Amino acid sequence: MFHSFRAAMTWVHTWFGLFFGFVLIVVFFFGSLSVFDREIDRWALPETRFAPQPMPSFDTMLRPIFEKIEPDEEEVAAAHSRVIGELPAKLPLMNWSAYTTHRDPVLELYAEFAVKNNPKDPRDHVHGHVTIDPRNGQSLPLDQLKLGSRFFYPMHISLHLHWLDLGYWIVGLAALMLLVALVSGAVIHRKLLREFFTFRPDKAGQRSRLDLHNLTGVVALPFHVLFPLTGLVIFAGIYFPVSETLLQPNAQQHERREAQTRGLAFAPAGVRAPMASVDAMVTEAKRRWAERGMPGEVGFLTVTHVGDANGYVSIFRAGSDRVTLVGQGVHFKAATGRVLYEEPAPNAIRSVNEFLTGLHLQHFRHWLLRWLYVVGGLSGCVCMATGLCFFVSKRKRRHAAQGVSGARWVEAFAIASVTGTVLATLGILNANRILPTDLPDRGGWEEKAFWGTWLLTLLHAAVRSGPARCALLAPAWREQCWAVAALALSAVLLNWATTGDHLLRTLTRGYWPVAGFDLVLLAVSAIATLSARKLGRAERSAPNTPQDDSGGDLSEAEVAHG
Amino acid sequence: MSQTSTPANGLTSPSGVHVALRVSAGLIGSYAFAWGVITLGIALCLVLGLPYEDAKILLYLLCFLVFVAAFCWAFTAQSLARVWLTLAGGGGVMTLVGWLLAQGLN
Chain A
1 MFHSFRAAMT WVHTWFGLFF GFVLIVVFFF GSLSVFDREI DRWALPETRF APQPMPSFDT
61 MLRPIFEKIE PDEEEVAAAH SRVIGELPAK LPLMNWSAYT THRDPVLELY AEFAVKNNPK
121 DPRDHVHGHV TIDPRNGQSL PLDQLKLGSR FFYPMHISLH LHWLDLGYWI VGLAALMLLV
181 ALVSGAVIHR KLLREFFTFR PDKAGQRSRL DLHNLTGVVA LPFHVLFPLT GLVIFAGIYF
241 PVSETLLQPN AQQHERREAQ TRGLAFAPAG VRAPMASVDA MVTEAKRRWA ERGMPGEVGF
301 LTVTHVGDAN GYVSIFRAGS DRVTLVGQGV HFKAATGRVL YEEPAPNAIR SVNEFLTGLH
361 LQHFRHWLLR WLYVVGGLSG CVCMATGLCF FVSKRKRRHA AQGVSGARWV EAFAIASVTG
421 TVLATLGILN ANRILPTDLP DRGGWEEKAF WGTWLLTLLH AAVRSGPARC ALLAPAWREQ
481 CWAVAALALS AVLLNWATTG DHLLRTLTRG YWPVAGFDLV LLAVSAIATL SARKLGRAER
541 SAPNTPQDDS GGDLSEAEVA HG
Chain B
1 MSQTSTPANG LTSPSGVHVA LRVSAGLIGS YAFAWGVITL GIALCLVLGL PYEDAKILLY
61 LLCFLVFVAA FCWAFTAQSL ARVWLTLAGG GGVMTLVGWL LAQGLN
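Each protein sequence line maps, in turn, to chains A and B. The first sequence begins at 1 in this note's numbering and counts up one residue at a time. The second sequence begins at 1 in this note's numbering and counts up one residue at a time.
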């Protein structure tokens with residue numbers, strides 16, 4: 001189909017880059033926000049603005065709360081369609097779990113309840129959960145939306161498209177296409193090292209845009225390779241569900257054998273049994289970690305087969321001081337507190353896997369590295385955005401001359417995915433501070449503010465990209481930059497007005513989750529103002545002439561660095 | 001495959017059908033090929049005595065690189081017929097062999 005290897009790679013880079021560039025900007029942007037998801041949660045939920053807490057006592061605090069958790073009503077309603085006959089009024093309890101990191105003031109507790117009469121899935125279950133303040137055990141309202149960990153993070157991994165797991169598949173495919181774009185990009189731009197040092201911001205638009213595309217792509221190359229790859233590995237079970245399909249017998253046989261050798265029962269015995277002190281088990285687990293030369297805190301605690309003679313408690317160490325998330329699990333018999341199994345150090349394959357997934361999910365304590373993740377993610381956004389802009393500016397005049405609107409639509413979508421994504425985010429942040437606290441389904445309204453703002457930015461971009469047809473820069477870019485500047489500033493002011501936490505106070509108290517996020521919003525506002533003014537000057541200085549460099553110094557061959 | 005024409009500028013411009021077949025080979029063919037690599041790879045690891053979970057993790061770490069390589073090859077190989085045969089055909093055969101092999105181990 002192509003006359004050369006490089007021509008084929010250029011074609012793939014251009015068209016798959018265009019198609020998935022929009023998705024990748026969104027994934028990179030919300031991934032960057034997710035690096036500070038817990039901190040954004042604090043900004044959005046003022047009553048949770050206190051210091052991170054360790055896992056509280058299970059026996060005195062967590063157990064009574066766990067016992068009161070009810071199955072989620074929506075999940076139960078959905079389960080009705082999966083079963084034969086009626087669901088029992090009270091679903092049998094299966095498991096409990098609690099997960100925390102060094103950045104969590106509040107603690108989320110989960111319970112699993114068995115759905116026994118589903119003929120297709122004997123292990124079918126529904127969940128219940130509650131978020132508590134570990135200082136006093138009080139639970140927080142269920143309809144509160146944790147903006148960072150429950151909205152921006154799911155946006156990053158699944159775009160909130162739940163039907164058929166479609167979001168996961170789109171994000172996964174986009175990640176694969178990013179890897180393809182890196183391979184094809186390296187083929188197109190063979191002089192990687194030279195491009196590393198090339199950025200000519202003074203050169204006319206198209207040239208500097210291509211420089212910036214190459215620069216952001218190359219500088220953060222290790223990041224751009226590792227993150228899509230590790231993200232794919234984390235969700236590989238969704239993309240290639242071997243254990244649930246072709247190799248199910250092998251997988252189940254392995255699971256049973258594993259349970260047997262470890263003494264961790266695969267199924268409940270059906271005989272009720274009391275529960276020994278879990279706090280004592282935590283003490284024993286901590287003693288064993290210290291003995292292995294790695295003292296630490298509890299990150300993840302689960303009780304499997306609650307209240308059953310086969311029940312066991314698993315205690316995992318928080319990986320705050322290492323890349324791996326949680327590990328060094330110690331398992332105890334729930335009824336007696338006897339150690340059943342202590343997980344050995346992982347073998348080579350598992351070490352690599354745990355390192356890679358931990359690298360992506362980053363729950364370790366290292367603030368500089370955390371910020372570098374944000375820089376890497378945003379450089380990805382810039383790389384995609386400049387790529388899209390380059391695509392547009394290269395075709396704009398030709399399309400304008402031919403009367404084709406292709407470039408115009410690409411530009412409208414580029415605007416909606418760059419400034420539009422930022423605006424939608426600011427929309428939900430502002431809504432979070434404006435909506436009355438007693439509004440029923442407040443979280444749902446916040447989400448509507450997000451999608452509504454995004455839709456508006458797309459409509460605005462479509463209407464105000466008209467001049468793009470005659471090869472001018474779309475005014476929508478400038479106008480949306482002004483909107484970003486205004487909404488970022490208003491979010492900071494609204495936070496002050498509704499909580500009293502102005503920067504002077506949060507900074508002097510050293511409450512960085514909120515102070516940091518306010519500072520970022522102010523920086524966003526400043527950058528957007530500068531960008532809007534610069535765009536305005538560019539529009540005024542070239543009212544009738546095309547904005548791209550028509551001097552012919554950017555031939556097809558040079559684009560490909562031939 | 002010769003559904004290409006050569007316009008005046010010397011660049012070949014592929015026909016719509018050919019592009020569609022290339023793109024679907026890249027996406028569907030590479031996916032099938034990756035399934036084959038995973039199934040056969042796990043089965044071979046099981047034969048060599050590796051526990052199932054470790055074998056699965058190993059192949060999950062490799063399969064996306066396989067996909068990317070297969071995808072790029074689907075666009076750079078000259079013969080579209082060979083691309084489809086290798087990716088979809090090879091993927092199918094590997095999946096079948098891997099499945100049969102794994103069945104025999106139970």
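If you are wondering where the hints come from, they were derived from the structure by calculation, not from laboratory data. Any given hint could be a false lead.
[As the list claims (entries may be wrong)] Output of the computed footprint for chain B on chain A, the stretches with three or more beta carbons under 8 angstroms from beta carbons of chain B:
| id | stretch |
| --- | --- |
| 1 | 132 to 139 |
| 2 | 174 to 184 |
| 3 | 347 to 354 |
| 4 | 490 to 497 |
[What the hints assert, rightly or not] Here are the in silico distance ranges between beta carbons for each label pair:
| id | chain 1 | residue 1 | chain 2 | residue 2 | range |
| --- | --- | --- | --- | --- | --- |
| 5 | A | LEU142 | B | LEU48 | 31 to 37 angstroms |
| 6 | A | ARG370 | B | LEU85 | 43 to 49 angstroms |
| 7 | B | GLY92 | A | PRO54 | 37 to 43 angstroms |
| 8 | B | LEU48 | A | ARG370 | 38 to 44 angstroms |
| 9 | B | VAL97 | A | ILE234 | 25 to 31 angstroms |
| 10 | A | ASP441 | B | ALA20 | 42 to 48 angstroms |
| 11 | A | ALA186 | B | LEU62 | 41 to 47 angstroms |
| 12 | A | ALA186 | B | SER15 | 25 to 31 angstroms |
| 13 | B | LEU62 | A | ARG533 | 28 to 34 angstroms |
| 14 | A | PRO92 | B | ALA20 | 15 to 21 angstroms |
| 15 | B | GLY89 | A | SER351 | 48 to 54 angstroms |
| 16 | B | GLY89 | A | GLY406 | 34 to 40 angstroms |
| 17 | A | THR499 | B | ALA20 | 26 to 32 angstroms |
Treat the numbers as computed from the prediction; the structure is a model and nothing was measured. Ideal Cβ positions, reconstructed from N, Cα and C, are used throughout, including at glycine.
Here's how the hints hold up against the structure:
Coverage of the stretch 132 to 139 of chain A by chain B is violated [criterion: at least 3 residues with CB-CB distance below 8 angstroms; count 0]. Residues of the stretch 174 to 184 of chain A lying with their CB closer than 8 angstroms to a CB of chain B number 5, which satisfies the three-residue condition for coverage. Evaluation of the coverage hint for the stretch 347 to 354 of chain A: fulfilled, as 5 residues show C-beta separations to chain B shorter than 8 angstroms, against a requirement of three. For a cut-off of 8 angstroms, the count of residues in the stretch 490 to 497 of chain A with a CB near a CB of chain B stands at 0, and the three-residue condition is violated.
Between A:LEU142 and B:LEU48 the CB atoms are about 50 angstroms apart, so this pair departs from the stated range of 31 to 37 angstroms. Restraint check, A:ARG370 to B:LEU85: a C-beta distance of roughly 48 angstroms satisfies the suggested window 43 to 49 angstroms. Roughly 53 angstroms separates the CB atoms of B:GLY92 and A:PRO54, a value that falls outside the hinted 37 to 43 angstroms. Taken as a hint, the range 38 to 44 angstroms holds for the pair B:LEU48 and A:ARG370, whose Cβ atoms sit roughly 40 angstroms apart.
Distance hint check: the CB atoms of B:VAL97 and A:ILE234 are about 28 angstroms apart, consistent with the given range 25 to 31 angstroms. One distance hint, 42 to 48 angstroms for the beta-carbon pair A:ASP441 and B:ALA20, holds here, with the actual separation near 45 angstroms. For A:ALA186 and B:LEU62, the Cβ-Cβ distance of about 20 angstroms falls outside the hinted range of 41 to 47 angstroms, so the restraint is violated. Separation of A:ALA186 from B:SER15 is about 29 angstroms and conforms to the stated range, judged on CB atoms against 25 to 31 angstroms.
The beta-carbon spacing between B:LEU62 and A:ARG533, approximately 50 angstroms, falls outside the hinted interval of 28 to 34 angstroms. Roughly 52 angstroms separates the CB atoms of A:PRO92 and B:ALA20, a value that falls outside the hinted 15 to 21 angstroms. For the hinted restraint 48 to 54 angstroms between B:GLY89 and A:SER351, the CB-CB distance of approximately 36 angstroms leaves it violated. The supplied range of 34 to 40 angstroms is met by B:GLY89 and A:GLY406, whose beta-carbon atoms lie about 36 angstroms from each other.
Separation of A:THR499 from B:ALA20 is about 55 angstroms and departs from the stated range, judged on CB atoms against 26 to 32 angstroms.
The earlier numbered hints that this structure contradicts are 1, 4, 5, 7, 11, 13, 14, 15 and 17.
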